[in-house]
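Novice: We have chain A already, so just place chain B on it with the hints.
If you read the sequences in order, they're chains A and B.
Each residue of the first sequence is one higher than the one before, starting from 27 at the first, in this note's numbering.
Each residue of the second sequence is one higher than the one before, starting from 27 at the first, in this note's numbering.
Rather than coming from a laboratory, the hints here were simulated on the basis of the structure.
From a predicted model like this one, the values you see are computed outputs, not experimental measurements.
The C-beta atom is built at its ideal place from N, Cα and C for all residues, glycine as well.
Across the chosen pairs, the derived CB separations fall in these ranges:
{"hint": "1", "chain 1": "B", "residue 1": "E28", "chain 2": "A", "residue 2": "K142", "range": "53 to 61 Å"}
{"hint": "2", "chain 1": "B", "residue 1": "L179", "chain 2": "A", "residue 2": "G88", "range": "45 to 53 Å"}
{"hint": "3", "chain 1": "A", "residue 1": "E153", "chain 2": "B", "residue 2": "E140", "range": "45 to 53 Å"}
{"hint": "4", "chain 1": "B", "residue 1": "S225", "chain 2": "A", "residue 2": "K49", "range": "49 to 57 Å"}
Now the stretches of chain B that chain A is said to cover, found in silico as 3 or more residues with beta-carbon under 8 Å:
{"hint": "5", "stretch": "98-104"}
{"hint": "6", "stretch": "162-169"}
Computed footprint of chain B on chain A; a stretch qualifies when at least three of its residues, placed anywhere within it, have a C-beta under 8 Å from a C-beta of chain B:
{"hint": "7", "stretch": "76-90"}
{"hint": "8", "stretch": "96-106"}
{"hint": "9", "stretch": "117-127"}
{"hint": "10", "stretch": "130-142"}
{"hint": "11", "stretch": "160-172"}
{"hint": "12", "stretch": "181-187"}
Number of protein chains: 2
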Amino acid sequence: MEKQVLKIVKVGGKLIEKEEDMKAFLSDFSALKGPKILIHGGGKMATEMSEKLGYKTNMVDGRRITDANAMQVITMVYAGLINKQIVAKLQSLGSNSVGLCGADGNAIISKKREVKEIDYGFVGDIENINTSFINSFLKQGIAPIFSAVSSSLDGQLFNTNADSIAAELAIAFSEMYNTELLFCFEKPGVLKDSADDASVIQVLSKQNYEELLEEKIVSEGMLPKLLNCFYALENKVSNVLLGGKDLLQNDTLHTKITK
Amino acid sequence: MEKQVLKIVKVGGKLIEKEEDMKAFLSDFSALKGPKILIHGGGKMATEMSEKLGYKTNMVDGRRITDANAMQVITMVYAGLINKQIVAKLQSLGSNSVGLCGADGNAIISKKREVKEIDYGFVGDIENINTSFINSFLKQGIAPIFSAVSSSLDGQLFNTNADSIAAELAIAFSEMYNTELLFCFEKPGVLKDSADDASVIQVLSKQNYEELLEEKIVSEGMLPKLLNCFYALENKVSNVLLGGKDLLQNDTLHTKITK
Numbered sequence: 027m028e029k030q031v032l033k034i035v036k037v038g039g040k041l042i043e044k045e046e047d048m049k050a051f052l053s054d055f056s057a058l059k060g061p062k063i064l065i066h067g068g069g070k071m072a073t074e075m076s077e078k079l080g081y082k083t084n085m086v087d088g089r090r091i092t093d094a095n096a097m098q099v100i101t102m103v104y105a106g107l108i109n110k111q112i113v114a115k116l117q118s119l120g121s122n123s124v125g126l127c128g129a130d131g132n133a134i135i136s137k138k139r140e141v142k143e144i145d146y147g148f149v150g151d152i153e154n155i156n157t158s159f160i161n162s163f164l165k166q167g168i169a170p171i172f173s174a175v176s177s178s179l180d181g182q183l184f185n186t187n188a189d190s191i192a193a194e195l196a197i198a199f200s201e202m203y204n205t206e207l208l209f210c211f212e213k214p215g216v217l218k219d220s221a222d223d224a225s226v227i228q229v230l231s232k233q234n235y236e237e238l239l240e241e242k243i244v245s246e247g248m249l250p251k252l253l254n255c256f257y258a259l260e261n262k263v264s265n266v267l268l269g270g271k272d273l274l275q276n277d278t279l280h281t282k283i284t285k
Numbered sequence: 027m028e029k030q031v032l033k034i035v036k037v038g039g040k041l042i043e044k045e046e047d048m049k050a051f052l053s054d055f056s057a058l059k060g061p062k063i064l065i066h067g068g069g070k071m072a073t074e075m076s077e078k079l080g081y082k083t084n085m086v087d088g089r090r091i092t093d094a095n096a097m098q099v100i101t102m103v104y105a106g107l108i109n110k111q112i113v114a115k116l117q118s119l120g121s122n123s124v125g126l127c128g129a130d131g132n133a134i135i136s137k138k139r140e141v142k143e144i145d146y147g148f149v150g151d152i153e154n155i156n157t158s159f160i161n162s163f164l165k166q167g168i169a170p171i172f173s174a175v176s177s178s179l180d181g182q183l184f185n186t187n188a189d190s191i192a193a194e195l196a197i198a199f200s201e202m203y204n205t206e207l208l209f210c211f212e213k214p215g216v217l218k219d220s221a222d223d224a225s226v227i228q229v230l231s232k233q234n235y236e237e238l239l240e241e242k243i244v245s246e247g248m249l250p251k252l253l254n255c256f257y258a259l260e261n262k263v264s265n266v267l268l269g270g271k272d273l274l275q276n277d278t279l280h281t282k283i284t285k
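Bound conformation, chain A alone:
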């Protein structure tokens, strides 16, 4: 029997900060048929809240560190404010949803990132996805909405990359479903020229990616995202797309990742 399609959508970047764009995006998400999961970031709002609270951003070797204050803000802004506002909005659109972080039902278990040169603080790398708990919502027609917060088994909340959560969810569910992974952000896809939104690379293979790397065409922020895409494709995820706020509509310009 053909497996059902499960759409796993990550929304992030500047898209999440623009109220009108988010409204349009959530309207498209609510219109998606079949089982679906949403993962959201919210980086800039957390930074703004930290500044308002007078918390210093802690950097080591140019890398942002999640100290106790930063983790408090992330839990408030990601798992509280943004997550619950998204859920309330989706409910008003008639789309039943539930807002979760990794601690809820032990949905996403992580452990503190190993300290090598840098101690990233409260940053967790994913160890396990509880597909049975998450699937209990999908079977009820309820969309799980995940903030980028995971938890260790000993009760520590961790800041966890939202792209990685999306990829790991898609991989974990690829036994049960045909999983599609969709990354929505402020650009219509991977661009050849970052100043030109029409320069979308419509199909991007691993070989293309390595060429782009050599030519230094792809922006630095895009690199880990693309690595997550290839990682997902190499681990049984059926389809990986990157695009803008309209990606969930049919026939919009976007980037399709291929092996």
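Specialist: Same frame as chain A, now just chain B:
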């Protein structure tokens, strides 16, 4: 067939602000057998966060008003920080739980409190409890952990009294279960003398309550809590108790409410 007992526990007051007391309380909650629900407040932490953010507390006729800034802080602190820290802690104690607000699965639907003399702002009064959604967790052995945030059907989050949420949950579930309602706070029960923790009124009927009212013995903060207790008892809740952080243990001093 005898109905199963469902324990609905509200934790609030100063108890929630004391880390060691909360640890002990959550350890007792995790040890409770059978289906259970936890509702938490977190008033003082929200006030402190508002002050740190430079938000003014908005008062009208001596009553606190939930303006847009206050609602933002409540969503962050109640539905985010406190809720997820409780869930992570319970998971580490081996007690499976899920953190929810009223918007999640349309669990607790409210509408804006009617404006009469005072406009309370983003304060919602409960209209409906989605017992079927909440029961889906209880049947899986997962404890729902509710913050004091509800939602209207048109997607507005509302600040909602945690005692009222507890009472309405107990009433809504009294068809399916024998519901017990337990209010845990910083005092060992309703006190005759607020300075003397040994002066617990062990059994308190509606008639006693009216006598206490006349004698002005019960503190002002306790009055709405007691009204919630009688309201629950009059609506098929089997057992209503008030007590301290040890209330979930057997044989501790407490107040039992009777009709």
